[in-house]
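K.L.:
Keeping their order, the protein sequence lines are chains E and H.
Sequence positions in the first sequence follow our numbering and run 1 to 322.
Sequence positions in the second sequence follow our numbering and run 1 to 373.
Where hints are given, some of them may not hold.
Not the full set, but computed from the structure, chain H residues with beta-carbon under 7 Å of chain E [claimed, not checked]: (1) Gly-61; (2) Lys-122; (3) Gly-123; (4) Val-142; (5) Ser-210; (6) Met-211; (7) Met-221; (8) Pro-340; (9) Leu-347.
Treat the hints as calculated values from the structure; they're not laboratory data.
Just so you know, even glycine gets a beta-carbon here, dropped at the ideal spot from N, CA and C.
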Amino acid sequence: MANLTLVQAINLALVQEMERDDRIILLGEDVGLNGGVFRVTEGLHKRFGGHRVVDSPLAESGIIGTAIGLAMAGLRPIPEIQFEGFLGPAYDQLCSHAARMRTRTRGAFTVPMTVRVPVGGGIHAPELHSDSPEAIYAHQPGMKVVMPASPYDAKGLLLSAIRDPDPVIFFEPKRIYRAFREEVPEDEYTIPIGKARVVCEGDELTMISWGASVIQCMQAIEKSGRSVELIDLRTIYPFDMEAVAASVSKTGRAVVVHEAPRTCGFGAEIATRIMEECFLSLEAPVQRVTGFDTIMPYYKLELEYLPETERIGLAVEETLAY
Amino acid sequence: MTKTIPTISSTSIRSHGGARASRSLPAGVPPDTIVKWFRDMLLIREFEVRTMQAYQEKKIGGFCHVYIGQEAVAVGCTAAIRPDDPMITAYRDHGHALARGMSSRHCMAEMFGKIGGCAKGKGGSMHMFDRANNLFGGHGIVGAQTAVGTGLAFATKYEDEVINGGRSDRVTLCFLGDGALNQGVLHEAMNLAGLFDLPVIFVVENNGYSMGTAIERGTTMAHDLSVKAAAYGFDAIEVDGMDLIAVYEDMKAFCDSCRAASRPGFVDMKTYRYKGHSMSDPRKYRTREEEEHFESGDPIGKLRDVLLSAGVLDEAAVAAMQKEVRAEVKDALQWSEESPAPGIDELYHDVYVERWGPYTGTSLPEMLREEKR
Ligand SMILES: Cc1ncc(C[n+]2csc(CCOP(=O)(O)OP(=O)(O)O)c2C)c(N)n1
Ligand SMILES: [Mg+2]
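With the hints as extra help, turn the sequences into a complete structure.
P.N.:
See the structure below:
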């Protein structure tokens, strides 16, 4: 058991899984000799060689398309895209091909690839380096979308993603890459895709979040002094509605927190599902604390944009007072 | 215009640079103009050195890519075109902004994230825009600007020929890094430009690396990039980007011919970035010897020597000019420091032109308001 950061936990998961399965290939811009922009793949090139840890040309569409081919032919590619904003050039390959291949071929071919992508704001970076596009990819049938909020979960979820027979986008919240450490077992363990984690129990209100915002939620809950149950979704799609429904049926109140813009953010889906499945338990309208419907601003306004403890706390008070 | 592709000898990628003497002063250019170019290069160098400092002092956030070593490219290319010719580039854009005439105050304030910046401090280092000087950015997605540049050339040609009923008379300079050579969008843009005879010149600022990837590790035919243009049927030249006079002369001739023929062009501009890719780059992928080789052929030093030996400037004049740009950048820093941060209402500005839903409309950056006055 070691005390690891999120970056280290992902690195460990990659090493262990690559040892176990030689069909795994990493590819991406500067993932090899340089160890990646966030140094997540540090040391892997040295350990596994250039044929398994491949420095690709600067070409996202090519990276993802190539990974699809590798996956369809039976390998387990793990492409890295340096920032979520650079998924744009690869969007066609992801959504027109990877996500649809199983359906298109009626199951004859599948795309077992895991696309690793740093995501979200909070590191003073500008637009396209701070965005939260998880809802866009969750909206694409055939795609799974995962986002850990802790080192322990990152390792377990990454193993599940790699072993999953369908394409998974594995979003890594860059704000907490090195923000804190956690005990992460050396031994193999997996965390199933589609299962949420109850971070803390409570009976007055349910708070639902994912990624780096989970940390802000924990702080807001502590400050509020109220009995709030915090659910870290961990998987955005398919998300754990069972866990959400069980909690909201108990508390009768819900607040969803995410960094992405509000309109059509994944919070909209969750709120709707709560309305559909927990209508009779609801004591108050579901509230959302989100980014704004504007482009992520440069760093002087970054913290105004992101859901911070104060805004979350306010939503808790309002929902409880309703 | 002939469609011959100049044959460029297969040289090894980093055989350029080093302490070669510069070409002599270009004929027909007033000495004052060349002195102005020299000052522009000095200004960019000083500006970038102070930018790095401000970044280390945490006055600049996010990502910051400095232009040190490449000054002759932006300055020489700007000199080779007209003010009404559009220009567009990627994120290593401070040099282009300054060379095109943006004030160092608005450029620096943008990086400080202050309201006085050219994009109201909401864009940062990668997002330099200057409407008055026909600089269309400043864009962060590698390669994306190449199709936009093609569209700019389409627009000038359309305006010149269709709306004004004359001849296509402007060229667009579209800068890209060597890393952008690998993006699909560049190839779509080049094909379209070749097909439609669009006067856009793709200037590859070939500094040998995209982040930690040496060009030959990421691009085929790295020793002869002209073949990429040949595939789309247009001319290519190779230019010594470490020599301002070479950049000016070669680009002037090339831009003139692309302008006259209303045809696209492609430039393998050999240059070098002295510093890391961004501020957090230990540069483990290259050697100190290599860096020294290029620093020994510094474009600023080369032009200074030419100006001194031609008697255009003396040591005292150079020193005075250095003092002057230092003062200018100091002023820019001070001004940026004092400029306020954008208020929270700025979150809602500039998303759509009209009031719509929660938005409170659009307000121009100070830079544009000043120009309007
Ligand atoms: C589509 C896309 N992919 C990746 C990046 C991250 N990135 C920023 S700069 C860069 C290297 C670009 O190198 P080059 O084009 O040679 O320009 P230089 O930095 O040398 O000026 C990379 C990979 C990006 N901004 N956009
Ligand atoms: Mg480069």
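K.L.:
Next, verify each hint and record whether it holds.
P.N.:
Here is what the structure says about each hint:
1. Gly-61: Since the shortest Cβ distance to chain E is 4 Å, the answer is holds.
2. Lys-122: Where the cut-off is 7 Å and the nearest Cβ of chain E is about 5 Å from H/Lys-122, the hint holds.
3. Gly-123: holds, 6 Å
4. Val-142: Holds, because the Cβ-Cβ distance from H/Val-142 to chain E comes to roughly 6 Å (cut-off 7 Å).
5. Ser-210: holds, 5 Å
6. Met-211: With Cβ-Cβ at 5 Å, under 7 Å, it holds.
7. Met-221: violated, 13 Å
8. Pro-340: violated, 10 Å
9. Leu-347: holds, 5 Å
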